[in-house]
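Each chain, letter by letter, is given below.
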Amino acid sequence: MTKLHIETEINGEPSEFLCEGQQSLLDVLRDELGLTGTKEGCTTGDCGACSVMLDGRLVPSCLVLAAEAQGRRVDTIEGVATGEKLHPIQQKFLEHAALQCGICTPGLIVATRALLEKNPDPTETEARYFLAGNLCRCTGYDKIIRAVLDAAAELRGEAA
Amino acid sequence: MLSSRYEAPETIADAVALLAADADAKVIAGGTDLLVQLRLGADAPSAFVDIKRIPELHQLEIDGDGLRCGAAVPAAELFENEQVRNLWPGLAEATDLIGSSQIQGRATWSGNLCNASPAADSVPALIAVGAQAVIASPGGERTVPVEDICTAPGKNILASDEIVARFIVPAPAPRSSDAYLRLIPRSEMDIAVVGASVSLTLDARGTVTAARVALGAVAPTVLLVSEAANALIGSSLDDAALDAAAAAASAAANPIDDKRGTVAYRKQIAGVLTKRAARIAYDRAQERG
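The listed protein sequences derive, respectively, from chains A and B.
Quick note, the working numbering runs 25 ahead of the 1-based positions in the first sequence.
Quick note, the working numbering runs 417 ahead of the 1-based positions in the second sequence.
There may be inaccurate statements among the hints.
No farther apart than 30 Å at their CA atoms in a straight line, the calculated lysine-lysine pairs in the DSBU-like style are these [to be verified]:
| id | chain 1 | residue 1 | chain 2 | residue 2 |
| --- | --- | --- | --- | --- |
| 1 | B | Lys443 | A | Lys28 |
| 2 | A | Lys168 | A | Lys64 |
| 3 | B | Lys572 | B | Lys443 |
| 4 | A | Lys64 | A | Lys143 |
| 5 | A | Lys143 | A | Lys168 |
| 6 | B | Lys443 | A | Lys64 |
Source of the hints: derived by calculation from the structure; they are not laboratory data.
Bear in mind the structure is a predicted one, so any value in this text is a computation, not a measurement.
Work out the full structure: start from the sequences and follow the hints.
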C-alpha cells in the first residue's frame, strides 16, 4: 500500500512527510523528521512526555495519527526557543534545576506554555492540576512547579 | 503489519458511507481509547474514519433550548466554555475530570460514551442532565437518550455504519442545577471507583420537584437510578430524604470486586457520593434562583 503524503506546518515552517495510516504523529516527528526533542514515554497517553500543540491545543502526540496533521499546525519543543535565546520557561527550568534526566522536560515546557497562554497567573494548585498529566520520576515536582510559577511571574513582567 | 487507510470525510453522509462499505473500519474522534487499544495489542482497523474534518461536528451552540454539541468537540473546549460551566456545572466538572490536560485536548463526549466503559466520567453527568445522543446512519438520524446507548462494558447499540453525531442537552429549568463527584484513590489522573451525578429542580420554597441520579463504575453500564431520584423528589433535601436516596443508590449498585475497590465498598460509596452530589446540586440550584 502506498504511503500517505501529508503536508503540514511544523513550528511555523511548511513541512511534508510520508506515513502509514496507523503511524502516530510522535513516530513521524522523531523518526521521519528528526525532531527528537519530543520524547516517547508510555505511548498510551499517560505520561505527557510527547506533548505538542496541534492547532493551538495541547495534545499527546502518541495518540494523534500523523495523517491528522494534514493542513494543520504542529508546534513542538523545537519551536519554543527563539534561535539561541531560550524561552523564559526554559530559562526558569534551568535556573531552578527543574530537571534531572530530562525525558519529561520537553513535554513539561510545552504544557507549561499552554497553561500560561490560557492562565498567565495560575495558583500553585492550578499549575499542579494542569500539569498532572506530565509525569516526572526524578524531581518530585517541587522544583518544576517553582520554575513554572517563576516563569509565569517573569512573563507577566513581575519580578519574582 | 498491514497498513490502515486514513479517511477524512467532510460530511456525515460520507463518514457513514465509508463505515457502511467497510465493517472493519473504525471511527476516530479523539483517539484516546482507540489508539491506546492498538498500542496494547489490538489489531489495527482496515481504516480510520476521522470525523474531525466534518465541520458540523465541531458545532457548539447554546440557546434557550439548551446545548447542541457536535461529536468532534474536545473536552477542553467544553469546560473552557463559560456558558457550559454556568448552565451545567456538574457536566462541566465531569468533563474536566477526563484524563490529563493533554487527553482533554483530544477526548470527546462521543468517544467517552461509545467506548462504553462503565467508569466513563462524562456519561453519568450527561445522563443526569437528560442528554440525548443523535445517531447518524446511511438511512438518516435517530435520537436516543444517553442512558440507552451502552449495553455492556465495551458494547453499545450503534451498528457498524452509525456514529454519534451530536448531543442535545435540554436547557436547565429555573432553580435547577447538577453536580458530579468521583472517588479515586489519588487526587488526579485515575479511573473512577465510583462516580455519581445528580441533577435537581426546586420550586420557589426549595422543595425538589424533579431529580435524576446516575451512577458510574458500579455496574456493567452507567445506571440511571430512579429510586434514588424518587427519594429526593418532594423533599427539601432533609436527612431522611438523603438517607433514603443513599440507600437506593447503594441497593441499585451492582459492582465488581477489583483492585480499585470491593463490592461492599463501592456500594457504600455509591450512597455517600449520591448524598454529597445531591447537596451540591441543591445549593447550586438555590444560587441560580
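### Message
Tell me the numbers of any earlier hints that the structure contravenes, in ascending order.
### Response
Violated hints: none at all, because every hint is consistent with the structure.
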